[in-house]
Every structure is written in C-alpha cells, then in structure tokens.
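The sequence shown begins at 319 in the working numbering and counts up by one.
Calculated directly from the structure, the hints in this document are not laboratory data.
Just so you know, not all the hints are guaranteed correct.
What the hints assert, rightly or not - Restraint-style ranges between C-beta atoms, simulated for each label pair:
no., residue 1, residue 2, range
1, D447, G500, 30 to 38 Å
2, G496, A403, 37 to 45 Å
3, N575, D400, 42 to 50 Å
From the three backbone atoms N, C-alpha and C, an ideal C-beta is built for every residue, glycine too.
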Amino acid sequence: MTFSIVARLDDGVPGIDGPAWGVAVASKFLAAGAVVPSAWAGTGAVASQAFANLRYHDEARALLTGGLSAPEVVAALTNGDDLAAQRQVGVVDAEGGSASFTGAECGDWAGGLTGEGYSIQGNMLTGADVVPAMEQAWLAHGDLPLSRRLAAALLAGDRAGGDRRGRQSAALLVVAPGAGYGGGSDVAVDLRVDDHRDPVVELERLLGIHELLFGRPETTWPLEGKIADRLRAALDALGYRQGDLEVALNAAAGVENLEERIVPGAVDPVVLDYLEARAAGNDDDSDYMDR
Numbered sequence: 319m320t321f322s323i324v325a326r327l328d329d330g331v332p333g334i335d336g337p338a339w340g341v342a343v344a345s346k347f348l349a350a351g352a353v354v355p356s357a358w359a360g361t362g363a364v365a366s367q368a369f370a371n372l373r374y375h376d377e378a379r380a381l382l383t384g385g386l387s388a389p390e391v392v393a394a395l396t397n398g399d400d401l402a403a404q405r406q407v408g409v410v411d412a413e414g415g416s417a418s419f420t421g422a423e424c425g426d427w428a429g430g431l432t433g434e435g436y437s438i439q440g441n442m443l444t445g446a447d448v449v450p451a452m453e454q455a456w457l458a459h460g461d462l463p464l465s466r467r468l469a470a471a472l473l474a475g476d477r478a479g480g481d482r483r484g485r486q487s488a489a490l491l492v493v494a495p496g497a498g499y500g501g502g503s504d505v506a507v508d509l510r511v512d513d514h515r516d517p518v519v520e521l522e523r524l525l526g527i528h529e530l531l532f533g534r535p536e537t538t539w540p541l542e543g544k545i546a547d548r549l550r551a552a553l554d555a556l557g558y559r560q561g562d563l564e565v566a567l568n569a570a571a572g573v574e575n576l577e578e579r580i581v582p583g584a585v586d587p588v589v590l591d592y593l594e595a596r597a598a599g600n601d602d603d604s605d606y607m608d609r
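Turn these sequences into a full structure, and let the hints steer you where they fit.
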C-alpha cells in the first residue's frame with residue numbers, strides 16, 4: 319500500500335560537505351511520513367511499510383550503529399519477526415550499501431530494486447512498472463541534490479501508477495551532519511503531506527518553499543550600486559524603511575523567515591528576487607527556486 323525510496327548521496331545537501339541520507343514515500347494511507355521513514359546522519363536510513371513494524375526503526379538504527387551492513391540489518395529485522403511475510407523494508411547503510419525485503423504475503427504488485435546507494439520498494443502497486451520508473455528517475459537526475467532526486471523518483475512512481483488504491487499522503491526526510499536550521503540538528507528536510515488529493519505534487523511545492531527559506535546562498539552580491547538601490551526600493555515598498563540597509567534587510571528576513579540566507583555585507587540573489595516579487599504583489603512562495 320506504499321512506495322518509497324531510501325538513499326545515500328555524497329554531498330547531497332548544498333552547502334554541507336559529506337554524505338546525506340534520506341527517504342521519500344507516498345501512500346494511500348494517512349500520514350505515511352509518521353510511519354514509514356527514518357534516517358540518521360552518519361548511520362543510514364530505513365523505510366518500513368506494508369504491515370509496517372515501527373520497531374524496525376529503532377532496531378535498524380542500533381544495528382547500523384553496531385556496524386552491520388544493510389543486507390545484514392534487513393536479515394536481522396525480518397528473521398526475528400513472526401509477521402515478516404507481511405512486511406516490506408528498505409535500508410541504506412552508512413557507506414551506501416543497500417537492501418530491500420518484500421514479504422511473500424504483501425499485496426500485489428509488490429517488490430523492490432536496489433543499487434549502489436539506493437533501495438526502492440513498493441506494495442499494492444498498480445503494476446510492476448512503478449518501481450523501475452522510480453529507479454530510472456533516480457539515476458537520470460544525478461545532478462540534483464538528494465532532496466530533489468528523491469522527489470523526482472517519487473513523482474515518477476506516482477505518475478507510473480503508484481498505489482493502486484489511490485493517493486493520500488507523501489513525505490520527504492533528508493539528514494546530514496549539521497544540516498538542520500541554524501546548524502542545530504542533522505535534519506535538512508522533514509516535510510509531510512498527510513492528507514491531499516495529489517500529495518506528491520504538493521510535496522514538491524513544499525520543497526520549493528523549504529529551499530527558498532532554508533537553503534544556503536550559492537552566491538551573493540555586495541550591497542552597493544544598483545543592487546543596493548534595488549534592495550532599498552523593495553524594502554521601502556514593503557515597509558522596512560530603517561536608515562541602514564542591512565538593518566532593514568535583517569528586519570525583513572526576521573519577518574519572512576529568510577535568516578538562513580542572510581550574509582553580512584551582501585544579499586543572496588534569491589532573497590532579492592523574493593523581496594522584489596513581494597513588493598510587486600506576488601505572494602506565491604513556491605516559484606522562486608524554479609527561476
């Protein structure tokens with residue numbers, strides 16, 4: 319009743335050196351993101367689905383921390399489970415090893431595929447083409463950060479048919495060391511669409527807003543000349559008329575939740591575009607990262 323991808327990617331979070339781990343999932347099930355995915359920076363990630371065993375999450379973390387590989391973790395989880403025939407689980411370990419298990423009693427179509435750094439699985443799907451479509455999308459988007467590659471794979475599975483019962487929820491979880499808000503956690507992305515007619519598309523919309531608000535600047539422009547004039551005009555139009563330009567910019571950032579994109583003495587072009595669009599009356603947050 320669910321399809322998911324679990325993955326590890328080197329330098330998978332922009333602005334963070336080192337690997338990232340993540341899970342994307344969709345299902346005709348309320349709040350699948352509260353049941354299926356778990357991921358831990360430096361350790362690995364897991365998706366537990368079908369007749370999901372929530373104990374798999376803590377058990378998988380302990381086994382991965384103990385140095386077991388993904389295939390060993392899957393074997394340990396399922397060998398000790400009397401209801402393993404009704405379970406489905408995918409695991410990626412710290413080094414990118416992967417494994418997937420589909421119990422014999424999972425609803426048709428059910429199965430999975432694995433490769434270096436990823437595990438894809440689904441059950442109660444419309445057909446055998448859903449999981450390969452996800453794999454193809456994952457492999458075709460090697461230039462994207464982990465969050466976007468996971469989202470692309472999930473969308474491909476959804477558009478190939480996905481859950482044969484319909485659509486309801488989707489979720490995306492990505493972790494990397496120090497990748498959380500203000501560097502205070504490892505959770506780079508944790509987005510959930512709990513009940514929606516088109517949850518995978520809605521998840522992508524939320525991801526765009528997340529990237530706008532919490533992404534790290536890829537480039538910056540000095541606060542001088544025409545750039546300073548443009549910023550001042552936008553800030554004035556929005557009511558931030560403090561005499562000092564940086565003071566006004568910081569005030570706007572505090573209201574608009576753009577603190578992660580503020581750099582002393584400069585402006586992130588994404589922030590400038592956003593503020594100018596706001597000043598022009600465009601209130602749609604979801605467009606900015608696609609420009």
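These are the hints, each one checked on the structure:
no., hint, verdict
1, D447 to G500: 30 to 38 Å, "violated, 42 Å"
2, G496 to A403: 37 to 45 Å, "holds, 40 Å"
3, N575 to D400: 42 to 50 Å, "holds, 47 Å"
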